[in-house]
Amino acid sequence: MARLTEENVRLAREIIGRYPKARSATIPLLHLAQEQDGYVTNEAMSHIGELVGASSAEVFGTASFYEMFKFEPVGKYLINICGTMSCALMGAEELMHHAEERLGIKMGSTTADGKFTLERAECQAACTEAPCLQVNYRYRYRVTPDQLDTLIDDLSAGTLSSEIPAHGVVASVRQHIPADRGVGAVAPELVTENPVWLDGKAAL
Amino acid sequence: MTGGTWQHAPGFYAGDRPQVVTSRFQYEDSYTLERYLATDGYKGLRSALARPASEIHDEVRNATVLGRGGAGFPAGNKWGLMPQGVWPRYLVVNGDESEPGTYKDRLLMERDPHQLIEGCLIASYAAGLSQCFLYIRGEMALAQERIATALNEAYAAGYIGKNILGSKFSLDIVLHWGAGAYVVGEETALIESLEGNRGMPRLKPPYFPAANGLYGQPTIVNNVETLANLPWLLNNGAAAYTAIGTATSPGTRMVAVSGHVNRPGVFEIINGITTFRDLLYGDEFCQGIRNGNDLKAFVPGGGSAPWFTPDQLDLPFEASQVGPAGSMLGSGAIMVMDSTTDIPRAALTLTRFYAHESCGKCTPCREGGTWLERILSRVVDGKGTDADLDQIFEVGESICPGAFPHASNEKLGIAAVPFPYRMNTICFVGPSAYAPVHSALTLFRSEFDARIVKRTMIKVTAVSE
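Respectively, the protein sequence lines represent chains A and B.
Just remember that this note's numbering sits 16 ahead of the position in the first sequence, which is counted from 1.
Just remember that this note's numbering sits 875 ahead of the position in the second sequence, which is counted from 1.
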């Protein structure tokens, strides 16, 4: 639980290199830290500050604004049940009560075995498929209480681990810009001329 | 070829209508480069590069591609607002879809990421933008994976990067992950977040993105759906684009209808002419209200929009008619409430959302939103008083001074107050906390009154000996 690993520092440098200013990489690097440890540690925030040229307080200032970053351990599976209008109209409250009873915890808390965290979430952009939920940001649509039970059984048994990675892993695919294809980010103050293709002629 | 729905595009129904942005949804592998290239992919870019950039800008301007994020400002005109001779200029793609009721950008990113990428390339070429940042909502893991894969494929194939397709046009597109904050969908907050800060909106002026955006440079912020229109536009021309829809609302629009309908769904509709009645009751759309119930109310344009009742069903999906009627089209999201709906509780689910999502920068929103949520909760729980209902209007007045827009209602004998409103906040989050409760109270007052604890004066008589 600590600073970013060597491999993650290499990834962090690659990500920073895509932006005209290093600070822009703060949020992607926070995701990287959360992927490494399951939550964002103080040490990781100091390390990110060193990498992007900010104080650890500034990094925490940014991190604490965003819902997805957790500053203490959460369950391996974070279950976010949407409670905004379309889902509420279609039975989200009932689903939340059911989840609380099934797992024996209240919304916003984690099971004793560290496996599940329950959260009430706001609109997840799946309104036609209400009520919906996400497990580590992977969707389940039109969820009935019975389906929720099955989902929890499957997660407990580990049968969904290929589809749903542990909390912290957002995307299992990363962008890589090949060195020979990338244009490269330039600090804005170093750009003084118009792009070459704006010369009134066709580019091809 | 167009009918039906598919397991791989949950909620989407094609119907028998023109498809500008959803034509590939029918294919299970619609997100791959292979499928994209087999279905006219990157042809629009190639034809764009064969013409001077200014001509492409004119083509987009002539097509009047309206912004699909909420404000509805024409993209071509937006690009034209950047000051001349100031470099570099940036493109920031707003993929932070999170307005309650809205479900379209996520589908476009998951199902057809190359179409969005081609749109970004065309826009950057036309408007002379040096770098593009795709800001994707953090909670959308699949969209991020699909876009990351598509970007990697497109770089390798020479569609992005240095000297694209062997031309003098070069562009990097960077995938940026958000981390969960509704307010970041506001364009200046999006820029703040992209600079590595808390996503709080900036004051306009001076921070109009077109002049003073990312790193203080001219910046275009466009919605995902807006950019997804560009490949089709380049392939078919502005005349074909404006032939769909109306003069003021050309093309198509992605609309999500959710709530108490028989078939909730996402539809690409013909802009400007499709009415709310078509959408809610039409066979090719939602097929009526569930269980044969009556319609009570609907939100026409995302959680921020004032509500409509059956009186407004015959309005078309056209901003110039919905505005005077007291609401807005916003992000193309309709939420439907049938006769069984508990109106105060429904309003609370939205007001709570905006109170929760307030960034805290403006006092009327930070305090007002919370107050509205608390007062409304009290009323919903049967603990409210008459004074609480008056106070809702007072708090609302402090967020939005003056008359707040609402729909007309024949039964209640009230006339519409047109959209928009005045506001004491930098962005729309504060007013959006007020909109649902204001609509609910104005149009369904009796449901609130029925829940109020009536306090009667007790006559106290002095007891004398």
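One thing to keep in mind: the hints can contain errors.
[Claimed, not checked] Coverage of chain B stretches by chain A, computed from C-beta distances (three or more under 8 Å per stretch; other residues unrestricted):
1) 917 to 925
2) 1106 to 1119
3) 1138 to 1148
4) 1228 to 1236
5) 1268 to 1279
[Claimed, not checked] With a straight-line Cα cutoff of 27 Å, these simulated DSS-like cross-link-like pairs (lysine-lysine) come out:
6) 37(A) / 1037(B)
7) 37(A) / 918(B)
8) 918(B) / 217(A)
If you're looking for bench data, these hints aren't it; they were derived computationally from the structure.
Glycine included, each C-beta is placed from N, C-alpha and C at the ideal position.
Outcome of the hint check:
Look at the stretch 917 to 925 of chain B against chain A: 3 of its residues bring a Cβ nearer than 8 Å to a Cβ of that chain, three or more, so the hint holds. Only when three residues or more bring their CB closer than 8 Å to a CB of chain A does the claim for the stretch 1106 to 1119 of chain B stand; here the count is 0, and the claim is violated. Residues of the stretch 1138 to 1148 of chain B with a Cβ under 8 Å from some Cβ of chain A number 3, which satisfies the need for three, so the listed coverage holds. With 4 residues carrying a beta carbon less than 8 Å from a beta carbon of chain A, the stretch 1228 to 1236 of chain B meets the three-residue requirement, and the given coverage holds.
Counting residues of the stretch 1268 to 1279 of chain B whose C-beta sits closer than 8 Å to any C-beta of chain A gives 0, which falls short of three, so the coverage hint is violated. A threshold of 27 Å between alpha carbons decides the hint, and for residue 37(A) with residue 1037(B) the separation of about 20 Å falls inside it, so the pair holds. This hinted pair does not check out: residue 37(A) and residue 918(B) have alpha carbons roughly 33 Å apart, beyond 27 Å. The suggested pairing of residue 918(B) with residue 217(A) holds, with an alpha-carbon distance near 19 Å, which does not exceed 27 Å.
Comparing the model with each earlier hint shows violations of hints 2, 5 and 7; every other hint is respected.
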